[in-house]
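Peer 1: Residue strings, one per chain:
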Amino acid sequence: MTQMLHKVLRYLGHGVVVIITFAMLAPVVYMVAMSFRTTQEITQAPLALPETLYLGNYANALSQMNYLQSVLNSLGITLSVTVIVSLVGSMAAYPLARRTNTFTRIIVMLAALGLATPNFVTITPIYVIFRNLGLLDTYVGIIIAFSALNLPLAVFFYTSFISAIPKELEEAARLDNCGDWAVFWHVIRPLLGPATATLSLFVMLMVWNDFTYPLLLLTDPDKYTVMISVYRFVGNLNVKPEMLFPAAVLGSLPLLVLFIIFQRRIVAGVTAGAVK
Amino acid sequence: MGSSKRIYLFTLPAIFIIGCFFVYPILLSARLSFTDFSGVGLAEWVGWKNYDRFFSRTRYLYSVWITIKFTLVVVIAQTLIGLIFATILHRMPAIRNLCRAVLFTPAMMSFVIVGYVWQFIYSPYSGGLNALLGMIGLEEWQRGWLGEPSTALYALAAAHVWMFIGYTTAIFLVGYANIPRDIEEAGRLDGASSWQRFRHLELPLLAPSFTVNIILSTVGTLKTFELPFIMTRGGPDRATQTLSLEIVNQLFGSYKFGFASALSIIMLIIVITVAVVQNVWLRGRENNQ
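Quick note, the sequences are listed as chains A and B, same order.
The first sequence begins at 108 in the working numbering and counts up one residue at a time.
The second sequence begins at 85 in the working numbering and counts up one residue at a time.
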C-alpha cells in the first residue's frame, strides 16, 4: 500500500516538474499568441488567445523590415566568420596543443585576455580604427569584428580538441618526410569536424543575436543583421505591440527552429564549450 | 630542427588578429582616456581629468553600483534556481532531457527580443503581468514595473535570469553526471535521505560547476547593455543606468570619446579584478572540499 502511494506521489512529482518547466515557456507562447492580434484586441483583453489567425501584423512587418535581406546578411556573415575563425583558430591551436613553453603560454594568456574583455572596452577604439581604415558600414568590417570576437574562444576550443588527438597519428606522416604544414593540413585538419561544428554553433548564436557591434558599425539598411533590422523596425519609443511581436517572432524563428531540430547537440555543444 | 621552430609560424594570423583587435584597441583606449577626443579633429592631452570626473560625480559611481547590484541579483538568483532545477531533474531521469531542452529555449533568443517581449509583459495597462495578477486576484500587486525606480532593476534581472536559467541548469547537470556512481550508491546504501545526499555528497562535489556558473554569469552580467537599452533606456531616475549603457551614451549621445574610453578602462579593470578574485576564491574552495 505504501509502495503504491509512493509510486503515485512519484508520478505526481514528475507531473508538477514538467508543468513548472513548461510554464517557463509562457513568455515565448505569449510572444507568438500576441503576434496574431491587433493592438486594440490586446488592450481590451491583454491575455486572451488570438481568435483568428490574423496575419496583417506579419504582412506589415515583412513589407517594412527588409527581413529576407537581413536573414541573408546574418547567414553570410556567420558563414564567413566561421571559415576565418576555424582556419586561424585551428592553425594557432596546433602548436599550442603540441608544445608548452613561454611562447605558447603568452599566446594562451593573450587569448584569455581576449575572452575576458567586454566588447565595450574595445568598441570606442575599434570604431575609430574602422573609420580610419574605411571599414565602417562594410561587410568586411563587420566580418573582421565578429571574427576577432570569436577567435579567442576558437583557439581554446581547438587547443583542447587537438590535445586529445594521439600523436601517433602524426608519426606515419612524419616518416614520409611531411613538414608541419602537411601534417596539419592532411592529418589534423580532417579530424576537426566535430569541433568546427560546435564552434560554428557559437558563431551563429553570436552573429545572429549580437546587437552592439552591428548597431554601431552598420548604417546601411541593406547590410543590417536580423537584430538590427528588428530594432530599427520596432524602435525605442512608443513601442507598438502589433509591430513588436511579429518582429520578435520573425527575429527568433530561425534559431528556434534550428534548436527544435538539433536541441540535443546544441545543449551538449554549448555546455561543453562552457565547461572547457 | 628547422621544422620544429617553423611550427610557431602557425600562430601568426591569430597573433595578428588578437594584436590588432584586442591588444592595440585596449592600448588606444588607455591613451584616449587621457584626452578630450570628441571623435573628430585633434585630441588634446588632459591628464587625469576624465578619471577625476568619474570619481567626483556620483552619477558615474552610481552606474557602477547599479551594475554591481544587477550582477549580484542575477548571479545569486540564477545559480540558486539553476541548482534547484538540476537537483530535481537529476533525480528524475525520465524527464531530464525534455525539461533541460525546454529550459534552454530562451537562451536561443537575443537580448533585443527578450527585452522587447518582457518590456511589453511589464507594461502597466495592457501588459501580461498586470493582467495575470488581476486574474488571480492580486490587484494590489499591479504596478508599472519598469516605471518605478524600486522595481525596474529587479524586473530587468528577472528577464535576464529567465533567459539563462537553462544554461545554468545544463552546466549543473554536467556536474551531476560527473559524480561517480559508486559514491551515490554508497550514500544510498548508508540510508542517507535525499536531502542528506544533496547536502553532504552532491553539493561539495558540484564545486567545479559552481565555479563555471558563477564566473560565466558574472562576466556576462557585468557588461549588461541590451536589456536596459531596450527596456528602460537607463531610467526611471537612472535606476537601471549600467556602466555599458553609460559608455554608449557618452560615445554616441555626446561624442565624448575620451571620457567613454576612461569608462571602458574602468570597466576592464572591474571585470578583470572580479574574474581573478572569483577564480582564486572558487578554485581554492574546490580544493578544500
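These aren't lab readings, by the way, just hints derived from the structure by calculation.
Check before you lean on any hint, since a few could be wrong.
Cβ-Cβ distance ranges computed for the label pairs, FRET-style [said to hold, decoys possible]:
no.: 1; chain 1: A; residue 1: Lys274; chain 2: B; residue 2: Ser122; range: 30 to 40 Å
no.: 2; chain 1: A; residue 1: Val139; chain 2: B; residue 2: Asn371; range: 21 to 31 Å
no.: 3; chain 1: B; residue 1: Ala114; chain 2: A; residue 2: Asp327; range: 30 to 40 Å
no.: 4; chain 1: B; residue 1: Ala291; chain 2: A; residue 2: Ala375; range: 42 to 52 Å
no.: 5; chain 1: A; residue 1: Val139; chain 2: B; residue 2: Asp136; range: 45 to 55 Å
Cβ-to-Cβ under 7 Å is the rule here; a few derived chain A residues that face chain B [what the hints assert, rightly or not]:
no.: 6; residue: Val124
no.: 7; residue: Thr145
no.: 8; residue: Tyr201
no.: 9; residue: Ala204
no.: 10; residue: Gly221
no.: 11; residue: Phe237
no.: 12; residue: Asn239
no.: 13; residue: Gly241
no.: 14; residue: Leu242
no.: 15; residue: Asn316
no.: 16; residue: Phe318
no.: 17; residue: Met334
no.: 18; residue: Leu360
no.: 19; residue: Leu363
no.: 20; residue: Phe369
C-beta: ideal position from N, C-alpha, C; glycine also.
Peer 1: So, against the hints stated earlier in the document, which numbers end up violated here?
Peer 2: Violated: hints 1, 2, 4, 7, 9, 11, 12, 13, 14, 18 and 20.
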